[in-house]
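K.L.:
Protein sequences appear in the order of chains A and B. Residues 1 to 355 in my numbering are what the first sequence spells out, letter by letter. Residues 1 to 290 in my numbering are what the second sequence spells out, letter by letter.
Since the hints were made in silico from the structure, they are not lab data. One thing to keep in mind: the hints can contain errors.
[As the list claims (entries may be wrong)] Here are some of the chain B residues that sit facing chain A, going by a computed Cβ distance under 7 Å:
| no. | residue |
| --- | --- |
| 1 | T58 |
| 2 | Q68 |
| 3 | N75 |
| 4 | G176 |
[Stated by the list, open to error] The calculated lysine to any residue pairs, modelled on SDA-like cross-linking and capped at a C-alpha distance of 20 Å, are:
| no. | chain 1 | residue 1 | chain 2 | residue 2 |
| --- | --- | --- | --- | --- |
| 5 | B | K233 | A | Y81 |
| 6 | B | K140 | A | V343 |
| 7 | B | K140 | A | E310 |
| 8 | B | K233 | B | P215 |
| 9 | B | K81 | A | E310 |
[Said to hold, decoys possible] Footprint (simulated), chain B over chain A, 3 or more residues, beta carbon under 8 Å:
| no. | stretch |
| --- | --- |
| 10 | 314 to 323 |
| 11 | 334 to 347 |
For every residue, glycine included, the Cβ atom is placed at its ideal position computed from N, Cα and C.
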Amino acid sequence: MYVAVKGGERAIDNAHAWLAEERRGDPALPLMSVAQIREQMALAVNRVMAEGSLYDPDLAALAIRQARGDLIEAVFLIRAYRTTLPRIGASRPVDTGAMAVDRRISATFKDLPGGQVLGPTFDYTHRLLDFADQAAIDPAPLAAPDTAPVPHVTAILDRDGLIEAVPQNDTPAPDLTREPLELPACRALRLQALARADEGFTLALAYSTQRGYGRTHAFVGELRIGRVPVEMDIPELGFAIEIGEIELTECETVNQFKGSRTEPAQFTRGYGLVMGQSERKAIAVSLVDRALRWQELGEDFTGAPAQDAEFVLSHCDNIQATGFLEHIKLPHYVDFQAELELVRRLRAEAQEAQP
Amino acid sequence: MSDYNFAYLDEQTKRMIRRAILKALAIPGYQVPFASREMPMPYGWGTGGVQLTAACLTPEDRLKVIDQGADDTTNAVSIRKFFQRTAGVAVTEATREATLIQTRHRIPETPLTEDQVLVYQVPIPEPLRFLEPRETETRKMHELEEYGLMHVKLYEDIARHGQIATSYAYPVKVEGRYVMDPSPIPKFDNPKLSGCPAIQLFGAGREQRIYALPPHTQVVSLDFDDHPFVASKPDHDCDLCGASDSYLDEVITDDRGGRMFVCSDTDFCMGRVRAGHAGRLAGQSKGAAA
């Protein structure tokens, strides 16, 4: 009559065995290689790298396969691995101005130095299912790479004083993964948190600012995607050497101007930088960044979620969120028993009180 | 698992956590922020407790892990296995034999000793969180010892229900200073917090907080003179071991209202059964034999 309470260990082992079988799918079909995922699911790989905060396409692809395509689970695998890696040092800040751009567009100027480069974008595709996989049949012709410099659009506005100067701050950026998040958080820390924030959450917040919850009238001054070299100072050598390249997506927005009787009108900035090709995320980050800057820019707090740094930073991490959300699957017999007993007692007392 | 350090975390991280533990022990009940790491189990599944355990474990330790009082609930099994793999420490289900006990939502019935460390898993470390969602505000309230809001909440409970309607995670005051969340243990367990000879450590991984009760700390459950705190439990004896003083789980046995009550602390219950105690349904149970 009494259901045996023993058996948790065997149940877990069996569940894992079943999971392994499901993960593999039909064994008659070939196993997807990590390289295939890396090459053909590159945007999923990019998202896992960005939210996992670890630039390694092969590991991200491996994680996606292991997670059966559940990207948040894949991000989790990467995060749990990343946290065990020793911290050898910090690279020099990357120079996105010197980026070898695959894509660079500006929504604020029709043409500009460096030009508008569409790059590999879904933007003007018709979303028609491609049953014959035309893309595979028809490779695009390759042009010679354009090596002309591609200056930042905001630098052009900056030269004329039309946009706020970049606030200079030489204090080293805090490291979210090595120090507990303390509030209020500086902009560097906010941007760091947003760079690894859940894409869906960031998108929804950014969208809410467009619909009036903390509106900032953003123009995409520039969106660029490309590779930048990563350099590191090697103490033994006494100079920096290039240790590799990473792909980044950078978005700079030009936002509603501010000005007063003493200060001439100027546009303001929002900024987003994300690892890999993740332009939806980079745009979203720059909108949320701008909304979070209300205090510094002397704007009103309207109670919009995207303006509320504590709200945004406490809830943007999908690994924290999913863990806590899903933990309610765990046994809560003890708490529930306590509640059950309380409700029974309250009901009994209420019944007694009735004539 | 030779790719990982003893007890998974690297020594730098352990040192950081140990510093936070020392600070927490020095200021009983105060929530110390710490740089919580991503662990290979999800946030909300005991990562705070796991990090404390990892930072405290030595190869000589004997570890016990319980969830809801039981050694055999799935997550307890999973955490115990994790430390068997990554630290190779001895494990036990016997409360008396353990040097370090990681727990979720219960304090063992068997009294602890000064040779033991009890590590709690904490979901929301801030006792004021559901009254004030902002961390910046609640930290200020602790600084100023401004706990009026909590008393108002308890008073409102009495006004509405005739009694304080908090049955678990019942707030306590530590050494007359900090109001502390004892983690979601049933309020039945609250009296065991006070004057306990063991070190009690509380870890909230997702919320990046560690707090502690050093041995023999005075811990008082909040109440009013005319509505004193009562450590309540289901009004039954254990159906397996007959204990009348242990916290009980209710087990539904059929769809006609049949139910039985059994100790939530499985080690305590089995120990009593082995010692010859018997409850109402003893002998009919598969659980007792397993």
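K.L.:
Could you run down the list of hints and mark each one as holding or not?
P.N.:
Hints and how they fare:
Taken as an interface hint, B/T58 does not check out: its beta carbon lies about 20 Å from the nearest beta carbon of chain A, beyond 7 Å. At its closest, the beta carbon of B/Q68 sits 5 Å from a beta carbon of chain A; the interface hint therefore holds under the 7 Å criterion. Evaluation of the B/N75 hint against chain A yields a held restraint, the C-beta minimum of about 5 Å falling below 7 Å. For the restraint placing B/G176 at the interface with chain A, the shortest Cβ-Cβ distance is roughly 26 Å, beyond the 7 Å limit, so the hint is violated.
Distance restraint check for B/K233 and A/Y81: the Cα-Cα separation of roughly 43 Å exceeds the 20 Å cut-off, and the hinted pair is therefore not satisfied. Between B/K140 and A/V343 the alpha-carbon distance is near 34 Å, which puts this suggested pair outside the 20 Å criterion. The straight-line distance between the Cα atoms of B/K140 and A/E310 is roughly 15 Å, inside the 20 Å bound, and the hint therefore holds. Restraint check for B/K233 and B/P215: the C-alpha separation of about 26 Å exceeds 20 Å, so the hint is violated.
A threshold of 20 Å between alpha carbons decides the hint, and for B/K81 with A/E310 the separation of about 36 Å lies outside it, so the pair is violated. Note: the stretch 314 to 323 of chain A has 5 residues with beta-carbon separation from chain B under 8 Å; the three-residue rule is met and the coverage holds. Coverage of the stretch 334 to 347 of chain A by chain B holds in this model, with 10 residues showing a Cβ closer than 8 Å to a Cβ of that chain against a need of three.
Consistency note: the structure conflicts with the earlier hints numbered 1, 4, 5, 6, 8, 9.
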